[in-house]
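Go by the hints and put chain A with the ligands onto chain B.
Sequence order for the protein chains is B and A. Mind the numbering: the first sequence is residues 975 to 1421 in our numbering, read in order. Mind the numbering: the second sequence is residues 975 to 1421 in our numbering, read in order.
Just so you know, these hints were derived from the structure itself, not from any lab. Being a predicted model, the structure only gives us computed values, none of them experimental. A virtual CB, placed ideally from N, CA and C, is assigned to each residue, including glycine. Hints may contain errors.
[Said to hold, decoys possible] Here are the simulated DSS-like cross-link-like pairs (lysine-lysine), alpha carbons at most 27 Å apart as the crow flies: (1) B:K1154 x B:K1173; (2) B:K1139 x A:K1022; (3) A:K1229 x A:K1154; (4) B:K1007 x A:K1397; (5) B:K1154 x A:K1229; (6) B:K1267 x B:K1037; (7) A:K1407 x B:K1007; (8) A:K1154 x B:K1037; (9) B:K1173 x A:K1397; (10) A:K1037 x A:K1022; (11) A:K1037 x B:K1154; (12) A:K1007 x A:K1022; (13) B:K1231 x B:K1139; (14) A:K1415 x B:K1037; (15) B:K1037 x A:K1139; (16) A:K1037 x A:K1415; (17) B:K1397 x A:K1007; (18) B:K1407 x A:K1007; (19) B:K1007 x A:K1022; (20) A:K1037 x B:K1176; (21) A:K1267 x B:K1154; (22) A:K1037 x B:K1415; (23) A:K1229 x B:K1037; (24) A:K1037 x B:K1139; (25) B:K1310 x B:K1229; (26) B:K1007 x A:K1139; (27) B:K1173 x A:K1022; (28) A:K1267 x B:K1176; (29) B:K1007 x A:K1154; (30) B:K1176 x A:K1173; (31) A:K1007 x B:K1007; (32) B:K1022 x A:K1007; (33) B:K1267 x A:K1139.
[To be verified] Pulled from the structure, derived: some chain A residues nowhere near chain B, Cβ distances all over 12 Å: (34) R1035; (35) A1051; (36) Y1079; (37) D1110; (38) A1132; (39) G1189; (40) D1200.
There are 2 protein chains.
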Amino acid sequence: MTRQIKLGLSMRYLGYHAGAWRHPEVDPEGASKLSHFVRIARTAEAAKLDMVFLADGIGIRTKDEPPGALCRSAQTAEMEPLTLLSALSAVTSHIGLVATASTTYNEPFHIARKWASLDHLSGGRAGWNIVTSWSDAEARNFNRDEHLDYATRYERAAEFVEVVKGLWDSWDEDALVNDKQTGIFFDPAKLHALNHVGKHFKVKGPLSVKRTPQGRPILVQAGASDQGIDIAAESADVVYSVSQDMEQGRAYYAKLKGRLARHGRSPDELLIMPGITHFIGATRQEAQDKYEKLNALVDPILGLSYLYGQMGDLSGYDVDGPVPEPNNPQVRSIAKGLLELAHRENLTIRQLYTTIAAGFGTRLVIGTPQDVVDDMEAWVEAGAADGFNLCPPYLPGGMDDFIQLALPELRRRGMFRTEYEGKTLRESLGLRKPRSRYEGKNSGAIK
Amino acid sequence: MTRQIKLGLSMRYLGYHAGAWRHPEVDPEGASKLSHFVRIARTAEAAKLDMVFLADGIGIRTKDEPPGALCRSAQTAEMEPLTLLSALSAVTSHIGLVATASTTYNEPFHIARKWASLDHLSGGRAGWNIVTSWSDAEARNFNRDEHLDYATRYERAAEFVEVVKGLWDSWDEDALVNDKQTGIFFDPAKLHALNHVGKHFKVKGPLSVKRTPQGRPILVQAGASDQGIDIAAESADVVYSVSQDMEQGRAYYAKLKGRLARHGRSPDELLIMPGITHFIGATRQEAQDKYEKLNALVDPILGLSYLYGQMGDLSGYDVDGPVPEPNNPQVRSIAKGLLELAHRENLTIRQLYTTIAAGFGTRLVIGTPQDVVDDMEAWVEAGAADGFNLCPPYLPGGMDDFIQLALPELRRRGMFRTEYEGKTLRESLGLRKPRSRYEGKNSGAIK
Ligand SMILES: Cc1cc2nc3c(=O)[nH]c(=O)nc-3n(C[C@H](O)[C@H](O)[C@H](O)COP(=O)(O)O)c2cc1C
Ligand SMILES: Cc1cc2nc3c(=O)[nH]c(=O)nc-3n(C[C@H](O)[C@H](O)[C@H](O)COP(=O)(O)O)c2cc1C
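Next comes chain B alone, as it looks inside the complex:
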């Protein structure tokens, strides 16, 4: 029997397909409505999924290139992930809440504080997806003309994560004594100032939020470059990956798991969850019809714009010709995967943008519940995945399809839980609580 897998649900915008907002069942303004996300999160929780996840970009990344594309994209108006997941914390009880935040355009104290707060609000269900951002559009909202270079970004990210983890250790778990008789609120030996002084940050601490239910929020990473893998190997609990085929996925899995030992960690301390966009039907034809129905809702002008963010300006090329090398050096792993796919399957630009527009670059799987679960099982058996980050093409319908059609088959094969194992995300994921760096050290006494 295949071992149990973990399942996250990515719920940004109205789903991952560029045509989602035009789907007859989709509320085109759902991404600005709490009720839309409450419906999704509660359904996912009833299905016992591990977590809901929100990717993020800090601004409208899509430019109006080619002209007329921007106004056809629903990926322009949304809510901010942290506020949204905080709201969901009050109306859910078990599902994990993973929000993205960029280390390039934030300060570590804010991130440590806000995610610690979300961990308390949710009773131990917070996760932080660590990204470094990549678009010039974001840079221009934060006092810059263009994006920070790759090396500086990752150097900053590594230090940022160290500071955040340090701040999360500020309070020992048993620091608060609350002794109403003596008037002692906390044991001063159990509160620690970080006193971090580094190249990018100087942060004294301590954090003004007590140690959180999970010890610290779950750390998620989603970069595929060597620098990204280093951060993941050192700190991440979960990696959302993008692999277009199983061999690629297996190589990535082996590389990342192999890197853990360098940091004194064992392979089961990090879960690798590739993204998948499913189109599921009772028959293969039905699944294919669902796929093509959505594709038909993508105007070519919008479709072309999907290649800009990943691969630079391709508007000078024939859309029915082959895919050239990317000319935007800031973007690596996603573009690389796509290029390989295009070359291997001999796709035209048009065919390529359809695969992106259909799932924003994640792997597409189209088939019956049996097909879909066979595929997942094969990845797990092959050592390419510990679970999956589900990226439905449209919401909530695409999620409902998965839950109603594929989940029973997964359960029949013993691959997915029927009840939550505990109350926290860490417990759902089967991960141990981290030890504090100060454990047994008694190094408190803040001046």
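Okay, now just chain A with the ligands, sitting in the frame of chain B:
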């Protein structure tokens, strides 16, 4: 008949009295629990209060001065205001949600985006309390050794607020057309890039959140200096003020309302709500007993620490002697009010720290429901207040006292609503929706 007043509830920590956490009815770890704040916000909403409010500091401001003070303070462990209020947005329906954020340690794009998001999540109930921060403790969590100087801080704040307001105008109210037939999601003439280039910020925009239910979130200001008053007169919908007596309150009210015309605004476009900490009993003696019972829960070592943040280091002075001039030039209005109080009432340092420890510097009113409402009515009649920012000494008990004892008397006098006027905070406050700077300009077309 006195006109209707507005009421906010300040709910940071466990109440405004330093002894609150030791009160027999108080959960000393309530400030880290969502359930504590849900109970408060729902009670406040059932009482039809206008808004709940969270003040903020980004770090533990209290140093261990004098030694042994810090571990006696419950104002060390809390949740972050924006995440907390976002959570409350999902379990309340009418009450306003006002969170503080500093213009000194944030970027305007984040603030514009997060508060716009909260406005959508709550269906039009978000407010931003604009502060510039003041403690070195915060500076040290954000790469600095000491706090930014006063002039730079306010200059940055003024530009910050301009940028945020500009970003909130990015989308015209009717920009989203959602035309599933043609594939046009929004009208490109109705999306505007800010293209701000200033001394402190360069922000291109547009914001990736559509125009919010209130047009924009409510802006609250809480500074009393000339620079603070300028920002308030130009932009604020609400001012939380601190005035220790009615004459002072009246002068401040007249000055601020008088300043509005310079910005083309009328006096009813800004509401002034002084803070009050109430101790209410069926008799005056009962009220006084409540006050003294809490005072007895403040250890002198903790009491002394309350003067550090406001007035600098007074530990070299005789606690039973007179109060000297403050030696910390960064802090002005609060220290000034306190000094005047100390001189006028001839308080010792010990007596002064008790008044602060009892309400963190807000005005204390101790008496029967009749006394308390007389006092409020007098302030309104005198032209010193449009309403009040209630700062209960402990929570939820101090709020319950106000709602159960004083509110019926306020209503008997026709001074407070029995039903909400609408769904948004702006409607509760009786304020008009702001016009967009682009109204009728058709200046869209983002490149
Ligand atoms: C599955 C996945 C999800 C991602 N989500 C985000 C995101 O939400 N926000 C973001 O700025 N970048 C996101 N990224 C981009 C990465 O953070 C990173 O910038 C990108 O992968 C390029 O870096 P790399 O070469 O290390 O992979 C994501 C990448 C992957 C693979
Ligand atoms: C009622 C009131 C509430 C305040 N709340 C905060 C707060 O939550 N966070 C903060 O950093 N400063 C807060 N302040 C401080 C002000 O933002 C400002 O820094 C201080 O009043 C000194 O500036 P001023 O001279 O303009 O008044 C508050 C001030 C007042 C009067």
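Consistency of the hints with the structure:
1. For a cut-off of 27 Å, the pair hint linking K1154 of chain B to K1173 of chain B is broken: about 43 Å separates their Cα positions.
2. Distance check on the hinted pair: K1139 of chain B and K1022 of chain A sit about 41 Å apart at the alpha-carbon level, beyond 27 Å; violated.
3. A C-alpha spacing of about 53 Å is found between K1229 of chain A and K1154 of chain A, which places the hinted pair above 27 Å, so the restraint is violated.
4. Proximity of K1007 of chain B to K1397 of chain A is assessed by CA-CA distance (about 16 Å); at most 27 Å being required, the pair is judged to hold.
5. About 44 Å separates the Cα atoms of K1154 of chain B and K1229 of chain A, which puts this hinted pair outside 27 Å; it is violated.
6. Distance check on the hinted pair: K1267 of chain B and K1037 of chain B sit about 26 Å apart at the alpha-carbon level, within 27 Å; holds.
7. Distance hint between K1407 of chain A and K1007 of chain B is fulfilled; the C-alpha atoms sit about 20 Å from each other, no more than 27 Å.
8. Pair hint K1154 of chain A plus K1037 of chain B holds up; C-alpha atoms about 21 Å apart against a cutoff of 27 Å.
9. The suggested pairing of K1173 of chain B with K1397 of chain A is violated, with an alpha-carbon distance near 49 Å, which exceeds 27 Å.
10. As the CA atoms of K1037 of chain A and K1022 of chain A are separated by approximately 38 Å, the hinted pair breaks the 27 Å bound.
11. Only pairs whose Cα atoms come within 27 Å are accepted, and K1037 of chain A paired with K1154 of chain B is accepted, the gap being roughly 21 Å.
12. Taking the CA atoms of K1007 of chain A and K1022 of chain A, the gap is about 23 Å. The hint holds against a cut of 27 Å.
13. For the hint pairing K1231 of chain B with K1139 of chain B, the CA-to-CA distance comes to about 21 Å; that is within 27 Å, so the pair holds.
14. Between K1415 of chain A and K1037 of chain B, the direct Cα distance comes to roughly 22 Å. Compliance with the 27 Å bound is thereby established for this hinted pair.
15. Between K1037 of chain B and K1139 of chain A the CA atoms are separated by roughly 23 Å; this keeps the pair inside 27 Å, and the hint holds.
16. For the hint linking K1037 of chain A to K1415 of chain A, the alpha-carbon distance of about 52 Å lies beyond 27 Å, and the restraint is violated.
17. For a cut-off of 27 Å, the pair hint linking K1397 of chain B to K1007 of chain A stands: about 16 Å separates their Cα positions.
18. In summary, the hint linking K1407 of chain B to K1007 of chain A is supported, as the alpha carbons are separated by about 20 Å, within the 27 Å threshold.
19. Between the alpha carbons of K1007 of chain B and K1022 of chain A the distance comes to roughly 24 Å, so the proposed pair stays at or under 27 Å and holds.
20. For the hint linking K1037 of chain A to K1176 of chain B, the alpha-carbon distance of about 18 Å falls within 27 Å, and the restraint holds.
21. With a C-alpha separation of about 13 Å, the suggested pair K1267 of chain A and K1154 of chain B falls inside the 27 Å cut-off, and the hint holds.
22. Taken as a hint, the K1037 of chain A and K1415 of chain B pair is honoured in the structure, with Cα atoms around 22 Å apart against an allowance of 27 Å.
23. For the given pair, K1229 of chain A sits about 47 Å from K1037 of chain B by alpha-carbon distance, which is inconsistent with the 27 Å threshold.
24. With a C-alpha separation of about 23 Å, the suggested pairing of K1037 of chain A with K1139 of chain B holds against the 27 Å cut-off.
25. With a CA separation close to 17 Å, the supplied pair K1310 of chain B and K1229 of chain B stays within the 27 Å bound.
26. At roughly 22 Å between alpha-carbon atoms, K1007 of chain B and K1139 of chain A fall within 27 Å of each other, so this suggested pair holds.
27. With a C-alpha separation of about 51 Å, the suggested pair K1173 of chain B and K1022 of chain A falls outside the 27 Å cut-off, and the hint is violated.
28. Annotation: proposed proximity of K1267 of chain A to K1176 of chain B is violated, straight-line Cα distance about 43 Å (limit 27 Å).
29. In summary, the hint linking K1007 of chain B to K1154 of chain A is supported, as the alpha carbons are separated by about 19 Å, within the 27 Å threshold.
30. Distance restraint check for K1176 of chain B and K1173 of chain A: the Cα-Cα separation of roughly 24 Å lies within the 27 Å cut-off, and the hinted pair is therefore satisfied.
31. At roughly 26 Å between alpha-carbon atoms, K1007 of chain A and K1007 of chain B fall within 27 Å of each other, so this suggested pair holds.
32. As the CA atoms of K1022 of chain B and K1007 of chain A are separated by approximately 24 Å, the hinted pair is consistent with the 27 Å bound.
33. With a C-alpha separation of about 41 Å, the suggested pairing of K1267 of chain B with K1139 of chain A is violated against the 27 Å cut-off.
34. Not every CB of chain B lies more than 12 Å from the CB of R1035 of chain A, the least distance being 9 Å, so the non-interface label is violated.
35. Residue placement check: A1051 of chain A does not keep its beta carbon more than 12 Å from all beta carbons of chain B (closest about 4 Å).
36. A beta-carbon of chain B comes within 12 Å of the beta-carbon of Y1079 of chain A; the shortest separation is about 7 Å.
37. Residue placement check: D1110 of chain A does not keep its beta carbon more than 12 Å from all beta carbons of chain B (closest about 10 Å).
38. No Cβ of chain B approaches the Cβ of A1132 of chain A within 12 Å, the least distance being about 17 Å, so the stated non-interface status holds.
39. With a minimum CB-CB distance of about 15 Å to chain B, G1189 of chain A clears the 12 Å threshold, and the non-interface call stands.
40. With a minimum CB-CB distance of about 28 Å to chain B, D1200 of chain A clears the 12 Å threshold, and the non-interface call stands.
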